[in-house]
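S.K.: Sequence:
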Amino acid sequence: MPENWRDDLPAEHGGGKRGTLWERVFRSPAQRARLRDMSSFDENDAFEGASLAARAMAARPAPYLDDLNPAQREAVEALDGPVLMLAGAGTGKTKALTARIVHLLNTGRARSNEILSVTFTNKAAREMKNRVGAMLGQSIEGMPWLGTFHAICVKLLRRHAELVGLKSNFTILDRDDQIRLLKQLIAAEHIDEKRWPARQIAALIDGWKNRALTPEKLPAADAGAYNHRGGEIYRQYQTRLRELNAVDFGDLLLHMVVIFQTHPDVLEQYQRWFRYVLVDEYQDTNVAQYLWLRLLAGGHRNICCVGDDDQSIYGWRGAEVGNILRFEKDFPGAKVVRLEQNYRSTPHILAAASNVIRGNEGRLGKTLWTEAEEGEKLRLIGHWDGEEEARWIGEEIESLQGGTRGVRPMSLDEMAILVRASHQMRAFEDRFLTIGLPYRVIGGPRFYERLEIRDAMAYFRVVVSPDDDLAFERIVNTPKRGLGNVAQQKIQTTARAHGVPLVQGARMLLAKKGLGGKGATELAQLLNGIDRWGRMTGDADLTHMELAEIILDESGYTAMWQNDKTPEAPGRLENLKELVKALEQFENLQGFLEHVSLIMDNESDDGGAKVSIMTLHAAKGLEFPAVFLPGWEDGLFPSQRSMDETGLKGLEEERRLAYVGITRAEELCTISFAGNRRVFGQWQSQMPSRFIDELPEEHVEVLTPPGLYGGGYGAARPSAGIEARAAQADAYNSPGWRRMQARAREWGTSQPRESRTTVIDLDAVSSFTVGERVFHQKFGYGAVTAIEGDKVEVDFEKASTKKVVARFLTSPDDIPF
DNA sequence: GTGCCCTTAATTTTT
DNA sequence: TTAAGGGCAC
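The working numbering numbers the first residue of the first sequence as 45 and each following residue consecutively.
Just to be clear, a hint being listed does not mean it is correct.
[As the list claims (entries may be wrong)] Straight-line C-alpha distance at most 20 Å; calculated SDA-like pairs for lysine to any residue:
1) Lys379 / Arg345
2) Lys524 / Arg224
3) Lys562 / Asn572
4) Lys524 / Thr565
5) Lys139 / Glu667
6) Lys556 / His542
7) Lys654 / His542
Calculated from the structure, these hints are not laboratory results. Computed from a prediction, not measured in an experiment: that's the story for all the values here.
Can you build the whole structure from these sequences, using the hints too?
M.R.: This is the structure in C-alpha cells:
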C-alpha cells in the first residue's frame, strides 16, 4: 500500500505508476471510479487530476460565476491570500465553496490535486465532490485532497508514520477499542474502575488531543486529573498504542501536528504541494485542527475558511468558536466576506432567529435578509405535558399533509421534529406508532456501530491482520467458545511473556498444553479458521464477499444469531447480510476495513414519505419546509447541565442551538413547551424556556393551548408528591410563571388564567453550600460534603456518601410538614 | 463460564 | 423510567 502514495502528488514529486493491475481487476471505468473514490489510496489521481484541470481550463468562460450573488462572487473571486467567508444559515455556502474550487481550476491557479479542502463529515465531503463534479460537468475524479480532516490525516500519516514511531499500516481504533485498552491499563494500575471510570479518562484524553497536547506537553493541572493519574495513564496509553501500531481518532490529527512541528522539511513539502487550502465549517475546528491548518497554510496563506460563528454547537467536543472569531488576527489582512442573503426561510423565521441569536456576546455579526414572501409567523404553543405535546404535533402533522391554515399541503418528507436530547424522541415515536404515522429517526446508533457489525468486522480484521489484538479479544469468545476470563488471561500472559501478538500467544499456549478441555479444542479450531481464512484472501476463485460469508458461517457467528431468540436477532442477521452486500463496492476486505474505520455512515431507507425526528445537532446543515421544535423548557432547552458545566459559555451555545433549530425551517416553524414532563421517571414541572422570551412577538403567533381549557385539566394532573407541594408555594412567584402571565397580558392571547402548574425554581434548588443539610427523596437527610458542577456529594444519615444530581436535592426548610 | 439481578446514572456525537 | 454494566451465585 505505501508504495502508491506518491500518486496523489504532483508528477515532479513522483507518481508515474499507472494502474495496470487496477485496470485488470476492475474492468468498467465506472467501477474503477467508484473504488477510487472510496479506497484511501488513490492511484492515478495525480494523472487524472491534471488532465481534468487541463480540460477545465480549456473551458475559459465561467458560467458558474454568473450564478452567484455579489457577495458569493466576491468570496469566490478572492483567490489569493486569507479569506474568511462568513456564511449565515441558508446563504448558499456550499455553492460558493464549490464555485471557488472550480474557479481555482478554471483560472489555472492550481491543479485539482494541489487543492486541499477539508470538511468535518464524510457527507459534506461527498456532497462537495459531487457538486464540484456537476459544476465541471464531469465526474468527481481527481480531487484526492478533498475529504474530512481525519481522512486526509490518515493519508498523510501513512506516509510519515515512522516519524512518530508507527508503521504505515497502523490500525485505527474506534471508541470501543479505546475503552477496552484503557480498562486494561487502569486494571494494571490498580485503579478502582468504579470510582474512576475508563470513560472518564477516555474523555480527558480525547480532550487533550483536541487541544493538541501530547503527554509531554500536558499542563500539571490536567495531568493531575483522574485521581492524580491522568497524565500517567495518558502516557502509558500512547505507549501502548505505539506497541499495537495503532492510533485513535485524535491521534490522526495530533500526530500530524507533531510531525509538522518537528520536521520542517516535511511541512515545507506540503506547504508547497497544497497551493490552496479550503476549510468548511471553520467554527467547528478544535485546537489541533486549527494548528494543523495554520501550519499548512503558513507559507502562502492561501487559505479560505468558511463558517458561521452563530452555528458553533460543538464546543463540548473541543470546537473553539474562538478560532473563527480570531481569524483576522491570525491572518492579518484577511478578506472577510459576509454571505447574508438567505435563500431558505421566510422573513418571519429569519427575524425570529436573528432576534434570538442577538442575545449572544462577541459575535462577528451578520444580518440575514431574504426576498422571500412573508409567509406564516412562527407558532408557539404550550401543553400540559410531554405526551400531550406529542399528540398535538402528531395531529398537526396530519393536518399539514392536507394543507391547513393557509399553508400548502405538505408531504411527510418535508416535516421534521428537532429535539434537544434524544430521550425526547421517545414520546414522539410512541405516539406515531399508535396513530400509524410513518417516521424516521435520523442519527442514533450508526450501522457500523452496531454490535453485530462490529463483531463481524473484528473477524475480518483478525483475518486480514492476525496481530490485531483488540479485534482478536473481541471475537475470541464470541460466539461463546468456553474461553472465559481465565482462558483469556492465560493467552494474554503467554503473549506478553514472549512479546508476541495474542494469536501467536494462543498458539503457544495450546502447544504447551496450557489449556484443557472444551476451551482448548475450540481455540484450536478458531486459530485454524483464522489461518485458513487468511490464506483464502489470496484465493483468486473466491470473491471477498464469499470469503466474508465463509468466515461468518464457519466461525459460528451467523449461527449464534440464528439460535438467538431475542426480538433483535432477525434484524441483526439482516444487518450482517447488508454488511456483506456493502463489501461489493470494495476491492478486498482490507480495502473495506480501511474505508469503514473512517466512514461510519449508512443511510438505508425503504422509501415512502416519513416525518424526520432528530436532535438539533443532527439537523445542522439540513432544511425542512415545516419544522417542529418541542421541549422549549428551561433545564431541558437550554440544558441545565450545559449551563451548570460551562455557565454563560454553555448558555450561549444553547442559544446557537436554538438559532440552528429555527433556521432549519423554510416555511413553517412551530415551537412548543410542556408544563410537566417526566424526567427519569419522576414528574417534574417545567417552566418555559428563556429563549421563548427572546422570540420577537410581532413574528410569533401564540396558539391557544387547547388542552388547558378542556375538561379534565385537574383530573389529568399527576399526583403531586412532597416535592411538588413544596414547590407549589413558590409557583406563583417563579420567573417562569411571571413570564407566562406577562406574555399573556402583553400579547392579549389567552394563556392559562389559572394553573395548578407547580413550578420548581431550578436556580434556587441547584445552589448548595458545603456543610448544608439537605433532603433527598430516596436517601433522606444528609450533609453536603462537596460540590462539583451540578453534582453534589452528600453524606447521608441513613445511607453512605453519594454523589447525586443537585436537582434531586432540596433544602429541608422547603418542605412543609 | 454463564446468566441473572442489582446498582447506578441519566445532553448533544463526528471521525 | 430504563438501560447498561458489574458482581455474584449456580
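S.K.: Run every hint past the structure and note whether it holds.
M.R.: Hint check:
no. : hint            : result
1   : Lys379 / Arg345 : 12 Å, holds
2   : Lys524 / Arg224 : 19 Å, holds
3   : Lys562 / Asn572 : 15 Å, holds
4   : Lys524 / Thr565 : 13 Å, holds
5   : Lys139 / Glu667 : 15 Å, holds
6   : Lys556 / His542 : 13 Å, holds
7   : Lys654 / His542 : 57 Å, violated
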